[in-house]
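The listed protein sequences derive, respectively, from chains S and L. So for the first sequence, the numbering used here puts the first residue at 1; every next one is plus one. So for the second sequence, the numbering used here puts the first residue at 1; every next one is plus one.
Hints may contain errors.
[Said to hold, decoys possible] Which chain S residues stay away from chain L? Per the calculated CB distances, all over 12 Å, these:
#, residue
1, Thr52
2, Pro61
3, Asn101
4, His157
5, Ser158
6, Asp291
7, Pro298
8, Ile355
9, Thr389
10, Arg411
[Stated by the list, open to error] Label pairs and their computed distance ranges (CB to CB):
#, chain 1, residue 1, chain 2, residue 2, range
11, L, Gly341, S, Ser14, 30 to 38 Å
12, S, Leu337, L, Gly384, 53 to 61 Å
13, S, Pro38, L, Pro244, 52 to 60 Å
14, L, Glu340, S, His24, 48 to 56 Å
15, S, Arg307, L, Gln285, 34 to 42 Å
16, S, Pro38, L, Gln243, 50 to 58 Å
17, L, Ile100, S, His24, 34 to 42 Å
18, S, Pro318, L, Arg342, 38 to 46 Å
These are calculated hints, taken from the structure and not from any lab test. If you're wondering where the values come from, they're calculated on a predicted model, not measured in any experiment. The C-beta atom is built at its ideal place from N, Cα and C for all residues, glycine as well.
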Amino acid sequence: MTETLVSFEDVLASYEPAMGLEVHVELNTVSKMFCGCPTEFGAEPNTQVCPTCLGLPGAMPAVNRKAVESAIRIGLALNCQIAEWCRFARKNYFYPDMPKNFQTSQYDEPICFEGYMDVEVDGETFRVEIERAHMEEDTGKSLHVGGATGRIHGADHSLVDYNRAGIPLIEIVTKPILGTGDKAPLVAKAYVAQLRDLIVALGVSDARMDQGSIRADVNLSLSPKGTGTLGTRTETKNVNSLRSVERAVRYEMSRHAAVLDSGRTILQETRHWHEDTGVTTSGREKSDAEDYRYFPEPDLVPIAPTRAWVEELRATLPENPTQKRARLQAEWGFSDLEMRDTVGAGAMLIVEETIAAGASPQAARKWWLGEMARRANEAGVEVGELGVTPVDVARVQVLVDEGKLNDKLARQVFDGLLAGEGTPDEIVAARGLGIVSDDGALSAAVDNAIAANPDVADKIREGKVAAAGALIGAVMKEMRGQADAARVRELVLEKLQ
Amino acid sequence: MSIIRRTAAEIADALATGETTSVEVTRAHLDRIAEVDGAVHAFLHVDAEGALEQAAASDARRAAGAPLHALDGVPIAVKDVLATEGLPTTCGSKILEGWIPPYDATVVRKLRAAGLPILGKTNMDEFAMGSSTEHSAYGPTHNPWDLDRIPGGSGGGSAAAVASFEAPLALGTDTGGSIRQPGAVTGTVGVKPTYGGVSRYGLVALANSLDQVGPVTRTVLDSALLHELVGGHDPLDSTSIDQPLPSLVDAARRGATGDLTGVRVGVITELSGDGWQPGVMTRFQESVELLVKAGAEVVEVSCPTFVHALATYYLILPAEASSNLAKFDAMRYGLRVWPEGRPDASAEEVMRATRDAGFGDEVKRRIILGTYALSSGYYDAYYGQAQKVRTLISRDFEAAFAKADVLVSPTAPTTAFKLGEKLDDPLSMYLNDLATIPANLAGVPGISVPSGLADEDGLPAGFQILAPALADDRLYRVGAALEAALTDQWGGPLLDRAPELNGDVR
């Protein structure tokens, strides 16, 4: 079914958006949340399992201390309170990829609560209040086989991989984010981007949205302008890239407005985000009547982090994002606008890494916000997900600085990188992209150009040096761009003056 | 005397002196099982081959002068609710028929590490829900004292195995009395240790906050030996206590000398009166008098909230059980039932059909109760309220233990009732556990010791002793003293008076 949509401007004319973001962070602990199984991504299905994470009768959980430590560090970095005493709870519901048919999670006693994070959009700061960050275990992963879409409907059978079951997750839940108006989609994206950067800086997760190690659920509702009452919300799941966070908010705002404008009501439900088509579709209806029958997990003792431990962990925190941004801007000599664009593109960390790998700040910014951003946009992904690494970009820039590549050739190297043809040096060699500055080859090409353009040559002989461009262009064309343009110019002028 | 009538401690001595071998002892018990278990039905699975192999290995170790433990070579039976690698584990339920765990429960691992041959798995009420073993999906166990009567439950299989000399030792589990009440009605000894004293890893949970693994034996000393072997901290069970217990075997030996001077014994007022079988009460009173003769000081203590224990228990237990039993969904192990006429059934339909066919009525009853008690809107009124009462019961215990070192009561209100007598009356069935449930709610340890035969029916009655958490040694001291005094009075073990069992009774 195609949804009717209202243009973004029209939405804002009549409604105020309220958002809530739930971000799941898969921790990079060596072992799972409640057992000793390894957590490595991409192993053969059902090879990283034991009685506990398979939910075999009689098996019991035991808490991974490292996961608790990571949860506390995330909480502290988000300016949260750390509970002096908290418990795990069982969230009961049936699903084939849930080994116990309950998820061991936290309910009314989360380990971290009441924090905030400030994010900046177009020079304006928004405070996103954090309601809670709690620990839980991941479920297994269902693979639906035989259907057209990989979804359960139409599939002829399903396979379940329990390697993921029991991987520690931290779920970070915001309070309703209000008053963002037309900036709502960008605030949502900036929040997730900054949260991701924070997670990277804390070193507690691989933080790969494309591999699902950070997953965002976007809650959205609209209220008629000026009324201040929250509308009915929808929860959009599977929003697995920064770009999608922005697009999903924008899409749901337009869809909600269309429904409300037509006098219908928003159904409180879970919706699925489709990365390819950029729309959400209805999932299961999620009424308040859904009852998970939470109760404290009787197989685990309460967790009571000592204040000394919490302070020890506080001392290990990386600098906060605002401070870090200011420091990097000063170090890199970026203007406010340059810095804002870099942060806005979700490229601050990747630029930082590129500079660390040897590129100049301006060069790093130029490639990531120019060429890479364009290609990412074409591919519909984030720059960080292109498959080109900061080390690659730094190496290309070194080759340019050494005169071995020009910008045009560098772009061809990026083509090669995206096609997976190897390192920049391997691609230059394999594709024959090195700049020719050998006078023998260049001289012959210049002679050919002069012979082919006698009228241009005459103008130069008459002293019109500006005309040299046409001959240089002809040489570059003959050399397929791989000539040292400065040397060609010198040769042209030598031969005609 | 036939080797099977000896206690575990006596068998251990006979093995140590070379009077017998583990293979001989194990074979004698397997022969006994073959002879009488057709009538008793204490076992769901007998592993003759495995037990004899383990026995031979034990004999080899002993010949080499390297036994692993005092009980090395003494065979044991294990309740079917404990995971045993390579041996079926059904929990008395059809839904786990054919499931062979790929791992051992921690207590089973300890048995194997100490060299005890495992004879087999014992019968039980389905998922340990019941007081008569009649709720086993594989048919009831019969009381060796009268085959028409129940052996108690849920661990009727373990108690009957020990009472009928099919095994010198057994492991049971006690959630509301499932070790102690079968002990009482079969004339055997059963101990529920302090909550957290024995690892629950590999015990298929009925109610996690109440369950505890414990010994089922014919003497107090044997229980102490087995308790010390299986007890202790286990990193796989985070509710297990990381703290050493006082020696239980020493306490049992000390108690057997018969001196209880200075021990304060509190008789719980609330656990007597109307509804308590006169013969059971008479044996109880006599036992109390024997304790006084041994030098104990007796006081009356009141635990007023104990009258709410049963109601509290029947909210907490089903709530936890309803969640625990959700994992039985036909997806990964056990029974899978395809709904009739639905070749392309969804996972959800298969789950429903399997759970409908695989669970018995009592299990379904408690899943429904527990699901209801945890439902939003009812949680505070039921589960939440029950947890508060539980705290009050713990406080009653604390106050009582300020006045007495141990508390005592009859273990069960009656002797063994007839098979089928209470099957249609769950409430009356639940009342059997009236005296045993408070200990589980508070996490304190308890023992049941035979107190004699009730005059009206000639069937065994039990004497329950309760101690503060971590003071399990007191159970053994007082229990052994009572056992010594009664054995003296009877002129031999109570079980000598049980009728001869004959393999072809039925």
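How the hints compare with the structure:
1. Thr52: violated (8 Å)
2. Pro61: violated (8 Å)
3. Asn101: violated (4 Å)
4. His157: violated (10 Å)
5. Ser158: About 7 Å separates Ser158 (chain S) from the closest Cβ of chain L, which leaves it inside 12 Å; violated.
6. Asp291: Non-interface label fails for Asp291 (chain S): nearest chain L Cβ at 5 Å, not farther than 12 Å.
7. Pro298: violated (4 Å)
8. Ile355: holds (46 Å)
9. Thr389: holds (40 Å)
10. Arg411: With a cut-off of 12 Å, Arg411 (chain S) remains clear of chain L, as the shortest Cβ separation is near 50 Å.
11. L:Gly341 to S:Ser14: 30 to 38 Å: Roughly 53 Å apart at Cβ, these two residues miss the hinted range, so it is violated.
12. S:Leu337 to L:Gly384: 53 to 61 Å: Holds, at about 57 Å.
13. S:Pro38 to L:Pro244: 52 to 60 Å: 34 Å Cβ-Cβ, so the 52 to 60 Å window is violated.
14. L:Glu340 to S:His24: 48 to 56 Å: violated (40 Å)
15. S:Arg307 to L:Gln285: 34 to 42 Å: violated (55 Å)
16. S:Pro38 to L:Gln243: 50 to 58 Å: Between Pro38 (chain S) and Gln243 (chain L), where Cβ atoms are some 32 Å apart, the hint is violated.
17. L:Ile100 to S:His24: 34 to 42 Å: holds (36 Å)
18. S:Pro318 to L:Arg342: 38 to 46 Å: Since Pro318 (chain S) and Arg342 (chain L) have Cβ atoms about 56 Å apart, the given range 38 to 46 Å is violated.
When the structure is compared with the earlier hints, violations turn up for hints 1, 2, 3, 4, 5, 6, 7, 11, 13, 14, 15, 16, 18 and for no others.
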